[in-house]
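Asker: Now for the letters of each chain:
There are 2 protein chains.
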Amino acid sequence: MPEKSNERSIEHFHVDMSCDGQCEACEKFFDCDSPQKTVNYERRRIGRAKKTMAGIKHIIAVLAGKGGVGKSLVTSNLATALAIRGRTVSVLDQDFDGPCIPKMMGVLGKKLVIGKKGIIPVEGDFGIQVISTGSILKDEAVLTWFHKMRRNATEEFLSHVDYGERDYLFIDLPPGTSSDSVNIMTFVPNIAGAVVVTIPPIVSQIVARRATRLCQKAGINVFGIVENMSGYVCPECGSVEDIMQSGGGQQLAEDTGVPFLGKIPLDPKLSESSDVGKPFVAAFPDSPASRAVVTIADTIENNLGML
Amino acid sequence: MPEKSNERSIEHFHVDMSCDGQCEACEKFFDCDSPQKTVNYERRRIGRAKKTMAGIKHIIAVLAGKGGVGKSLVTSNLATALAIRGRTVSVLDQDFDGPCIPKMMGVLGKKLVIGKKGIIPVEGDFGIQVISTGSILKDEAVLTWFHKMRRNATEEFLSHVDYGERDYLFIDLPPGTSSDSVNIMTFVPNIAGAVVVTIPPIVSQIVARRATRLCQKAGINVFGIVENMSGYVCPECGSVEDIMQSGGGQQLAEDTGVPFLGKIPLDPKLSESSDVGKPFVAAFPDSPASRAVVTIADTIENNLGML
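Residue numbers (numbering that gives the first Met the number 0), protein chains in the order written: chain Z, 0 to 306; chain X, 0 to 306.
One or more of the hints may lead you astray.
Copies of the same chain look alike in the list, so a pair counts if it works inside one copy or between any two.
[What the hints assert, rightly or not] Listed next, the in silico DSSO-like pairs over lysine-lysine satisfying Cα-Cα at most 30 angstroms (straight line): (1) K109 x K27; (2) K116 x K49; (3) K147 x K36; (4) K216 x K27; (5) K109 x K216.
Simulated from the structure, these hints should not be mistaken for lab results.
Start from the sequences and build out the full structure, keeping to the hints where you can.
Answerer: See below:
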């Protein structure tokens, strides 16, 4: 049993928090109110990314804070739902370490190539264009990039891709609230809004709340919260079970003051359709999950004046 | 449609890969075979962390690559299963952005304090000691640390904690294969082995494979693969449904040449018991999930000569 005398509480870590003037690379970006920050920031925003992304009408970030709640599932299905109704849609898979989008959207094996105007995204069903490290890396490869490499790769994806004219670009963010999320929020000009994905358990809301707060700190509009894996209909007897409880997403929306966008139920067909690269909104358009996604897509389009 | 002429394939990113001699901070650590690396590495290994952690018999890393597959669930239940049989167990929650361990292990609200010999872990049921940023941060706080801050915080947790004499230290790693995973694998002396957690869908195995490969690159023994959320027994009619398919974990184990440790089924009680801070292995010891965890604990203890 450790000695308990001379105790004092720990309020912060003893790591160096001093400013080195490298604003665009700083993890305190959203906490800082120095005027110099704006100068450095604008230098980036009016840079190449602003030009390459000029033809995109609406940029939407999908995040969760927590991993494995279905960010990529929600991203790929929202993108597909919008493409089915005739929108031109691109998806940027910002998960460098564990990219799932190429597999889920049926473009695994297609490779990114460089054309005259930059990196050409790979194209999947319904003309959806996909940009992902999963289209560059071999399955066996392991990325162990720290912050600078991630930032450089982010800038490459933002400023050297030939996005062309698109109605939507979805950016699928990895778990966490640090390096990759902050890079996207710092360097992408004019994010139209964010979709925060969560699952029912209370323990997940602590993390999803951090993601929502990060958007609020960064001044990014949050379209709302999606509760994924919400309830399960037994295919044998039809009884509905809240395998992971229910209502956590709604509670989080109330707590953080953002809209609740809807619930997507668990369904064995969902993960099957991801595994064969066909988003369920296209494979099973009449399933409750697909109807939920279409409703969420409607809400977002209404928000953006697209409907 | 972008111009397709003058295409060439992209094999790597155009980011600087040159060596700056800062081996202990390098993301290419496991790819490098320069003798100088060993010199720098040993300087760390024989440093303070080696002293503070000297009283720990077995250090076990729990990782997945992917988020939300149940790393924290597996960690908290393995720790509890071992503590119930009389082992002294500590848990280090390495997830800075989204720490779940304090909530899951019922120590949320207890704060870390500094004693004579360093940071004193908080103590939960069965004498399990917990170290987590969740015991420092407020719920509303958002961490946006990049690599250096994370490394410094890791070193603080490793070298300034009063671990004392313990049979086991479990390290619960966040999603990804970069900053935090590499920091732990670089700075922790003598990791006894790793448990890789996955879920049934094939799309998850691509990411879990990267985590397994990272262990292999780092020369860390992999105890094996655990398949979580494997099958669901409908409480109404008893029919067993593979909500997320089945067998992905076993396939991954075969592909990567590591043992398969077992399957943990989905059960509404599991997430409920996490939400009230009582690992299910203690709350529902006779459930199939608890029996699966106990079997996994047996395998690990057999591996380590503790049984």
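Asker: Would you mind marking each hint as holding or not holding in the structure?
Answerer: Hint check results:
no.	hint	in the structure
1	K109 x K27	between (38 angstroms within a copy, 27 angstroms between copies)
2	K116 x K49	within (14 angstroms within a copy, 53 angstroms between copies)
3	K147 x K36	both (19 angstroms within a copy, 20 angstroms between copies)
4	K216 x K27	within (11 angstroms within a copy, 33 angstroms between copies)
5	K109 x K216	between (37 angstroms within a copy, 27 angstroms between copies)
Consistency note: the structure conflicts with none of the earlier hints.
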